[in-house]
Amino acid sequence: MQVSNILMNRKSFIWLVSPSIIFLLIIQIYPSLYSFYLSFGKIKGGQYSFTGLKNFTRLLNNSDFYESLARTGIFTFSFLLACIGIGLILALLLSRCTKFTTLYMTIIFVPMVLSEVVGGTMWRWMFQQSFGLVQAFLNPFINNVSILSKPWGAMAIVIAASVWKQLAFTALLFLGALQTVPKELFEPAALDGATRSDMFWKITWVIIRPTVLLASIMTTIRGINALGLILATTQGGPGASTMTEAVLLYRTAWQFGRFGDAAALSVVMFLINITLGIVYIRLMRES
Amino acid sequence: MLIRSRRQIIIDNIVTHGLLIFFCLIMIFPVALSLMTSFKTKTDVMILPPRFFPPEWTLEGYIKVFQSDLIPIYMPNSAINALTATILTVILAAFAAYGFSRFKFKGSRALQLGILGLMMIPGITNLVSYYKLVSQLGILSTHLIMILVYTGFELPFGLLILKNFFDAIPIDLEEAAKIDGCSTTQVLWHIIIPLSLPGLFVAFLLILVYLWNEFLFAVTLLSANEARTAMVGLYDFQTSFEVAYHALSAASIIVLLPMLIIFILGRKTFFRAMMEGALKG
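Those protein sequences? They're chains A and B, same order as listed. Counting in the working numbering, the first sequence runs from 1 upward without gaps. Counting in the working numbering, the second sequence runs from 288 upward without gaps.
Don't read these hints as lab results, they were simulated from the structure. The reader is advised that the hints may include incorrect statements.
Okay, derived cross-link-like pairs now, DSBU-like style, lysine-lysine, Cα gap no bigger than 35 Å in a straight line [stated by the list, open to error]: (1) B:K393 to A:K11; (2) B:K465 to B:K393; (3) A:K99 to A:K11; (4) B:K351 to A:K11; (5) B:K329 to B:K351; (6) B:K391 to A:K11; (7) B:K555 to A:K99; (8) B:K329 to A:K150; (9) A:K183 to B:K555; (10) B:K465 to B:K391; (11) A:K202 to B:K391; (12) B:K465 to A:K150.
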């Protein structure tokens, strides 16, 4: 779009944009740089002393770090698979129905509108040891032990709760993409005797693939950094069985007060996020 | 249309709606269970085997919540933080988005990509440095710090949505007004703002819901009881109320109600934003 000079000059551009830029520099950029600074030192009695790579070597020699990394992997991978898979199925179903669509969408959207703490409270209650309603159904199969007290069970619940909370996001994103698929393409294909799955993979999938890819990266980023819902549901427990990297960061800083170590972990997570972010922006520009 | 028999279409419809109803029931079940629990008495919460519907409907749980700090202290705090930050974000983002949309400079594109990149960095990697910086400045547990952090955090997102909206407004109108002798301020006030009201509304709603629900910054930066937000208060109830799940459920319902109402009133806006990928961040 060609913009005439009558409308604006350089000065008004700067006036319009600089408040936001200054804000972001102070509130976002500076703290990010500050966490790098913190990660190379330690604070004792309010005094900062430079310790070089000590925080990082301690972090990388700690088995907690690797165990959390594995848990983050399991959590994120399951979360991603379910959000994309179920989200796609939901979007396909929604795109095929002509009645009650808004009603279905409204209900599916509710978990997205409520907070992580509220969601966590609800899921804890369903699986409460003695009086949880869903737990009562499961009791005969797992010998009356709360599923949240089993390491695998707690992980499964945390994943399920996270998928429940996030599902509307991918489903509606996919629904938007499905609506861009031209209907005219299906008729000749059907006349040629193509089956439904043929038509899905050869037509629909090709068109929505960029959206699926973008949604996958976004979901991965959210999975890696998921914290609020896990804290509200299990607080990382039992033991450390749902302690992902994000929970480890939170606990290191606010439970054990080891802010230097937490800052080092922040830097590691920052780098992981930046890498994914760059991939995301590349894909966004291509599409 | 596809060539399919009438019978096949009917079966398709039944399967589609059946599966959707099944999904909806799963999605709403935790919320419905909490709602039912919130109307139970303390003893009915602990009957075996547990039941879905309250045997006796009561407001006991709600009364207990009304006696807590949630309604006089925590909810007003949430409202002040979220509303102020949302308004500030929308104003700042609107100016910047308008600048980016209407004026092309060398480096403007790079600047926009940089801001988009900021959106990819989750709040969690800044938690530790915020905490350290804020405690050094002595402004832990204040509205000020929450508003600043929230605004900084939501600014890139607001900017992205609003720029898309401004890009869709034709520039001819503004040029005509300029030729007729309107100043930039007049153009902004009389043309741009009225035309972009829907966009400003979308940004406002999405950011408000996010910030009302925000938990991580609040739980790490607010330690004083009088500064706590509803989410932090609710998180603390989990331990202090223990098995008083009727009160805990009532608190959950009270906290989620304002945003649920906003969502139901503006649901079309949310859906459109979602399907167009406005929430891609």
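Evaluated hints:
1. B:K393 to A:K11: holds, 14 Å
2. B:K465 to B:K393: Holds: K465 of chain B and K393 of chain B sit about 24 Å apart, inside 35 Å.
3. A:K99 to A:K11: violated, 53 Å
4. B:K351 to A:K11: Not OK: K351 of chain B and K11 of chain A at ~58 Å, beyond 35 Å, violated.
5. B:K329 to B:K351: holds, 10 Å
6. B:K391 to A:K11: holds, 13 Å
7. B:K555 to A:K99: Given pair K555 of chain B, K99 of chain A holds - Cα atoms ~16 Å apart, limit 35 Å.
8. B:K329 to A:K150: With Cα atoms ~27 Å apart, K329 of chain B and K150 of chain A stay inside 35 Å; holds.
9. A:K183 to B:K555: holds, 24 Å
10. B:K465 to B:K391: holds, 18 Å
11. A:K202 to B:K391: violated, 40 Å
12. B:K465 to A:K150: violated, 69 Å
Going down the numbered hints, you'll see the structure goes against 3, 4, 11 and 12, while the others check out.
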